[in-house]
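Order-wise, the sequence lines are chains R and B.
Under my numbering, residue 386 is the last one in the first sequence; the count climbs by one each step, no gaps.
Under my numbering, residue 154 is the last one in the second sequence; the count climbs by one each step, no gaps.
Derived from the structure by calculation, the hints contain no laboratory data.
Among the hints, a few may not be true.
[As the list claims (entries may be wrong)] Covered stretches of chain B (in silico footprint by chain R; criterion: 3 or more residues with CB under 8 Å from a CB of chain R, positions within the stretch not fixed):
#, stretch
1, 12-21
2, 36-47
3, 128-138
Nothing here was measured: the structure is a model prediction, and the numbers come from that model.
Idealized CB from N, CA, C, for every residue including glycine.
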Amino acid sequence: MLGRLHLRLRPLGRLSSLQPPFPPPLLLPTTAAAAHTTPTSPANRPTLSPAYKQPSPTTLLLLHQSKNRRAGKGGEGSFCTNRAAVDAAADVSAPFYSAHIRCRKRDAEALSEALMCFGANCISMDELSDHGDHDEICLTSIFPDGQDVSACISNAASSVGLDYVPNYEVSMGKQCDWVTNAQESFHPIEVINGLWIVPKWRDPPDPQATNILLNPGLAFGTGEHPTTKLCLLLLHEAIKGGEHFFDYGTGSGVLGIAALKMGAAMSAGIDIEPQAVTSARENISLNGIESSKMSVYLVPSKVNSPNIDSAKGKFDIVIANILMNPLMELAEDIVSYGKPEAVVGVSGILCEQVLQIKEVYSQYLDNIWVSEMEGWACLRGTKKRI
Amino acid sequence: MATLKDVVARRPIAATIRLTVPAGAARPAPPVGPALGQYRLNLMAFCKDFNARTQKYKPDTPMAVTITAYKDNTFEFTVKSPSVTWFLKKAAGIESGSGRPGHTVVSSIMLSHVYEIAKVKQSDPFCKHMPLEAICKSIIGTANSMGIQVVKDL
Numbered sequence: 001m002l003g004r005l006h007l008r009l010r011p012l013g014r015l016s017s018l019q020p021p022f023p024p025p026l027l028l029p030t031t032a033a034a035a036h037t038t039p040t041s042p043a044n045r046p047t048l049s050p051a052y053k054q055p056s057p058t059t060l061l062l063l064h065q066s067k068n069r070r071a072g073k074g075g076e077g078s079f080c081t082n083r084a085a086v087d088a089a090a091d092v093s094a095p096f097y098s099a100h101i102r103c104r105k106r107d108a109e110a111l112s113e114a115l116m117c118f119g120a121n122c123i124s125m126d127e128l129s130d131h132g133d134h135d136e137i138c139l140t141s142i143f144p145d146g147q148d149v150s151a152c153i154s155n156a157a158s159s160v161g162l163d164y165v166p167n168y169e170v171s172m173g174k175q176c177d178w179v180t181n182a183q184e185s186f187h188p189i190e191v192i193n194g195l196w197i198v199p200k201w202r203d204p205p206d207p208q209a210t211n212i213l214l215n216p217g218l219a220f221g222t223g224e225h226p227t228t229k230l231c232l233l234l235l236h237e238a239i240k241g242g243e244h245f246f247d248y249g250t251g252s253g254v255l256g257i258a259a260l261k262m263g264a265a266m267s268a269g270i271d272i273e274p275q276a277v278t279s280a281r282e283n284i285s286l287n288g289i290e291s292s293k294m295s296v297y298l299v300p301s302k303v304n305s306p307n308i309d310s311a312k313g314k315f316d317i318v319i320a321n322i323l324m325n326p327l328m329e330l331a332e333d334i335v336s337y338g339k340p341e342a343v344v345g346v347s348g349i350l351c352e353q354v355l356q357i358k359e360v361y362s363q364y365l366d367n368i369w370v371s372e373m374e375g376w377a378c379l380r381g382t383k384k385r386i
Numbered sequence: 001m002a003t004l005k006d007v008v009a010r011r012p013i014a015a016t017i018r019l020t021v022p023a024g025a026a027r028p029a030p031p032v033g034p035a036l037g038q039y040r041l042n043l044m045a046f047c048k049d050f051n052a053r054t055q056k057y058k059p060d061t062p063m064a065v066t067i068t069a070y071k072d073n074t075f076e077f078t079v080k081s082p083s084v085t086w087f088l089k090k091a092a093g094i095e096s097g098s099g100r101p102g103h104t105v106v107s108s109i110m111l112s113h114v115y116e117i118a119k120v121k122q123s124d125p126f127c128k129h130m131p132l133e134a135i136c137k138s139i140i141g142t143a144n145s146m147g148i149q150v151v152k153d154l
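One chain only, chain R, in its complex shape (with noise of 0.2 Å):
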């Protein structure tokens, strides 16, 4: 067992020495990508001050370019050698090819590492052992539309030292294959006592109970995950009945339809994401939710549309569930959604990166609290007076 470890471990401290003597040229961006990347003229000399958020070495490093800080999808100057695959990454449709590559068993480990730094975006490689006396295993790869994908793998081989070309067959992937196989993974569970949050393609285990119909899609939120229990724990406590709700970075609209359940008056979300708002709508009508009762809305980043700006101080308890750099980033905005002594809520949150965000927001909120489950944090307090 320990013995097989290593053998992982061994190929990753070649690939530094393999790297060296082989320039790929397949590292150049691709004729998509190439007109948007330039190379810096010496004068953008990078210098080491710090120009982010944290002064660990970590961040030095990674974050004095500011000028090529990414903006969107529509990025310059990125080095990254799969910067096709970037923005491909960001849109769900996107085609990409799907590679089964057979090699021999003790070349797998090699090769596919060296599929990655020729291209490939991610490659998949069974359990060996569970190939008994074949001496071939099949590698599974995925790249990016616009990769040369023979091209690749010629050269992975012979940077690896093969003495052959390994058999390959390549595909266009569909999306509707890996949809699929992600959705069946959901099952009903029981948040709380009472509340059932069931997929829409199966029976609720448990009719009489509160039971929450949903089908995320793409979109984040099915009750399974650590943060969601977590907010929905404090939605419990803090709805005595009547309250408006305020759901930033909605996803599914989980938070926002389990409010209504628990007795809340009204709810509204916002998120960035189209699949989310088109993800939570369909919930919506799903459990037979009026629209006048819950409304979604989908946000560009930056700007409000006018309907929210007028919802601004209206609500009684918002909670956000998106990630640590956007919480902080945002902390106002998400705040100013309250009225004073509103109850706020945060996570998606390691309990690493609380203090983080309780520094930020103790200037906004009073009687911090934190509760915390497998490794996740919800923060939440109350709105200043003032």
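Start from chain R and add chain B according to the hints.
Here is chain B on its own, set in the frame of chain R:
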């Protein structure tokens, strides 16, 4: 990350998946989607977890992730820092290494850059036991083979 105890009593592994994902930007789209969907892993949980753990890196830095998928559809993953060549190219401000390393010098970087890169690399799981000096030497070697000169001051 699995402890020694877990390793011995390890659940049966279904597959190992290697991915490159931009930091803080994992989405249920290619390449993450098909790769994890193939083994029926919880896509959104991975995206949320990965994004939370890579918050401290500059957005869209390509991170190498290795996911171990178990037969019971659970998974674990480790995130590694970007490759040394990527760091060097960023520090030197160039798109690609020299076509003739050893003959043509494409750009140059300072020794302090090498030190910074070494410190980041040392936090990688498989470099932890190496002395910083050894990591620096390996980085300088990589730089030389790319046609990047290392100088004390610019």
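Tell me if chain R covers the stretch 12-21 of chain B under the three-residue, 8 Å CB rule, please? Since 10 is at least three, the answer is holds.
The stretch 36-47 of chain B covered by chain R? Criterion: 3 or more residues, Cβ-Cβ distance below 8 Å. holds (count 11)
Examine the stretch 128-138 of chain B for residues whose CB is less than 8 Å from any CB of chain R, and state whether their number is three or more. violated (count 1)
When the structure is compared with the earlier hints, a violation turns up for hint 3 alone.
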